[in-house]
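Protein chains: 2
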Amino acid sequence: MSEPVIIGVDLGATNIEAAAVRGGDILASKKKKTRAREGVDVVIERIGTTVRKVMDKMDADAADFEALCIGAPGAVDIESGVVQSAPNLNWTNVALGDLLEEELGMPILVDNDVNVGVLGEHVYGAGKGALDMVGIFVGTGIGGGLVLNGTPHYGWRGVAGEVGHVVVKPNGRQCGCGRYGCVEAYASKTAMEAIIREEMEKGRSTQVFDIMEEKGKAKLTSSVIEASLEAGDLLMEEAIQNAQYYLGLLTANLVNVLDPEVVVFGGGVVERLGQDFIDPIGQTARQHYLQREGAEKIRLVPAALGDDAGPVGAAVIARRRLQSAI
Amino acid sequence: MSEPVIIGVDLGATNIEAAAVRGGDILASKKKKTRAREGVDVVIERIGTTVRKVMDKMDADAADFEALCIGAPGAVDIESGVVQSAPNLNWTNVALGDLLEEELGMPILVDNDVNVGVLGEHVYGAGKGALDMVGIFVGTGIGGGLVLNGTPHYGWRGVAGEVGHVVVKPNGRQCGCGRYGCVEAYASKTAMEAIIREEMEKGRSTQVFDIMEEKGKAKLTSSVIEASLEAGDLLMEEAIQNAQYYLGLLTANLVNVLDPEVVVFGGGVVERLGQDFIDPIGQTARQHYLQREGAEKIRLVPAALGDDAGPVGAAVIARRRLQSAI
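If you read the sequences in order, they're chains Z and U. For the record, in the first sequence the residue sitting at position 21 is 24 according to the working numbering, with numbers rising by one throughout. For the record, in the second sequence the residue sitting at position 91 is 94 according to the working numbering, with numbers rising by one throughout.
Hints were generated in silico from the structure; no laboratory data involved. Keep in mind it's a predicted model, so treat the numbers as computed, not measured. Keep in mind that the hints are not guaranteed to be accurate.
A pair counts as met if it fits within one copy or between any two copies, since identical chains are not told apart.
Stated by the list, open to error - Here are the computed lysine-lysine pairs in the DSBU-like style, where the Cα-Cα straight-line distance is at most 30 Å:
#  : residue 1 : residue 2
1  : K35       : K218
2  : K36       : K220
3  : K60       : K218
4  : K172      : K60
5  : K172      : K35
6  : K34       : K205
7  : K172      : K205
8  : K220      : K131
9  : K300      : K220
10 : K300      : K172
11 : K36       : K205
12 : K300      : K35
13 : K172      : K218
14 : K300      : K56
15 : K131      : K205
16 : K33       : K300
17 : K220      : K60
18 : K218      : K131
19 : K222      : K131
20 : K36       : K172
21 : K34       : K56
22 : K172      : K34
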């Protein structure tokens, strides 16, 4: 018997990505804008349309798939399929599982998007074969997830893995979460943009905002970062080095506490800059490892699956949960 | 069939504590000085003597016990029973398991002392019933351990749980481990003593060193801390508040990453000062939790078993490992 085909969906604040997945292979996929501002009903309908497009591409219908698993950007009750809180979608207590089951008429499983992506990287990507893995995702914010002993670590309330809110500087910069000194307040794209703007307002010069305008971007995107670095923009370089330093402290802290075999870095910034972005993080991290045998063997690597990590990881979750439900 | 009787041993830098344990109950126990300075052979012989005293108290011999499990203060290869590195004993690659088996003629299991103590607290003490628990031990250094999903989290290299070496201040005070800004460099007894001494050398007055002398102590002990606080010593108060602040950041970081149900604080300082020491830690921690439902339910509590946590936890390890070996 071949492995079952699952629909894996990554529900992001900007895009919905759906795919038919067998094992670690994407058989067909489709991406659409989320349009979260138009409300829950519109998003549910758009997920439905995206999934049906994938089915059409495969000449299949809902009955041909074992299940659908969706990763949502927020706190999820995996038992009930309720998204308790997803600030980027402006959702509170949305019964995503039930709504999608009604829309699509197939078994629906819901999980957190970062857990799903981290698990995808663990099973089929950069963390393949590792017992313990930490994922750190650098984008608009800093997300993360833990795979411990081969399974995602959810925690007591189901909200483990908030590595972006590890405090790396007491009474430091204010974070988007309202607290002070979180790594996200130094190393996210949002933070880097704010830091560069502050320096500019102090009178230093930068091309970052010109490049942003040229590219028609309203905020600091990964492509703006890359172009600014290529242009030799000093403030951009400093902001990146600053981000790498705090990500290095975060990495060391996670290594000292969890002792993982591999730390996988993902998200837009890492996809754009690759291992060059990671190496300086490793330098700082190694300075803060508690010296112990084998520390040099801990791998710090870029994510391997890109946008596929979500759907592929969702399919892994679906297969495991269906297995344990038998 | 009643639960098997196990010999649980806590091997510390200062004391050896051995006990006959059934379930969570100590049936008989004996404590002796470790005398690590006199070398490995002397320590092995002293462990043997301590264990035989326990057997004598019970009118029993080695054959009456299922196994002996010993927690050692350092990095342990639990498969081979080798203590790879135990700086406080000045041990490197000591085959503790084999040596004790020769000495006592019974099955020997070896584990890390903090993992053992944390597991004891998890199964029979302050963490009873919790799925995920973090242990933070405040003494000469800062130790810790994780119980995740009901089992100790060892990590890839077996060195997880080094919570004392989470960096809480970039480029901060130098730690005993050689690195900078670890929580141990602020919140251990060693650090508090150093901080008070530095302030005194700057010209501020303190009774701490007089109290130390009165009590005949060569260093800042928990009883000296308590007496100094009772005497209203301002530098001691500041050092404690400083320690609590950084322990609060550490706690928040661990909660944001691991989402435990309970954080158990143990070690000499906590045993002496109790919940009064923990409450201010909780205040700082709560200011740094990522706001999410249920955060107020996370319990921050003192360890409940005191010195018994080691032998009791060792017995839990022995029963689990014997079970899985069947």
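Consistency of the hints with the structure:
1. K35 - K218: within (22 Å within a copy, 73 Å between copies)
2. K36 - K220: Within. Shortest intra-copy distance 17 Å satisfies the 30 Å Cα cut-off; inter-copy 69 Å does not.
3. K60 - K218: Close neither inside one copy (33 Å) nor across copies (81 Å); limit 30 Å.
4. K172 - K60: neither (50 Å within a copy, 54 Å between copies)
5. K172 - K35: Neither: 39 Å inside a copy, 43 Å across copies.
6. K34 - K205: Result: close neither inside a copy nor across copies, 42 Å intra and 65 Å inter.
7. K172 - K205: Both: 22 Å inside a chain and 26 Å across chains, each within 30 Å.
8. K220 - K131: neither (36 Å within a copy, 53 Å between copies)
9. K300 - K220: neither (40 Å within a copy, 43 Å between copies)
10. K300 - K172: both (28 Å within a copy, 26 Å between copies)
11. K36 - K205: Neither: 38 Å inside a copy, 63 Å across copies.
12. K300 - K35: neither (40 Å within a copy, 39 Å between copies)
13. K172 - K218: neither (34 Å within a copy, 38 Å between copies)
14. K300 - K56: neither (44 Å within a copy, 44 Å between copies)
15. K131 - K205: neither (46 Å within a copy, 55 Å between copies)
16. K33 - K300: Neither: 38 Å inside a chain and 42 Å across chains, both beyond 30 Å.
17. K220 - K60: neither (33 Å within a copy, 78 Å between copies)
18. K218 - K131: neither (37 Å within a copy, 57 Å between copies)
19. K222 - K131: neither (34 Å within a copy, 49 Å between copies)
20. K36 - K172: Neither way: K36 and K172 sit 37 Å apart in one copy and 41 Å across, limit 30 Å.
21. K34 - K56: Close inside one copy (9 Å), not across copies (72 Å); limit 30 Å.
22. K172 - K34: Result: close neither inside a copy nor across copies, 39 Å intra and 43 Å inter.
The earlier numbered hints that this structure contradicts are 3, 4, 5, 6, 8, 9, 11, 12, 13, 14, 15, 16, 17, 18, 19, 20 and 22.
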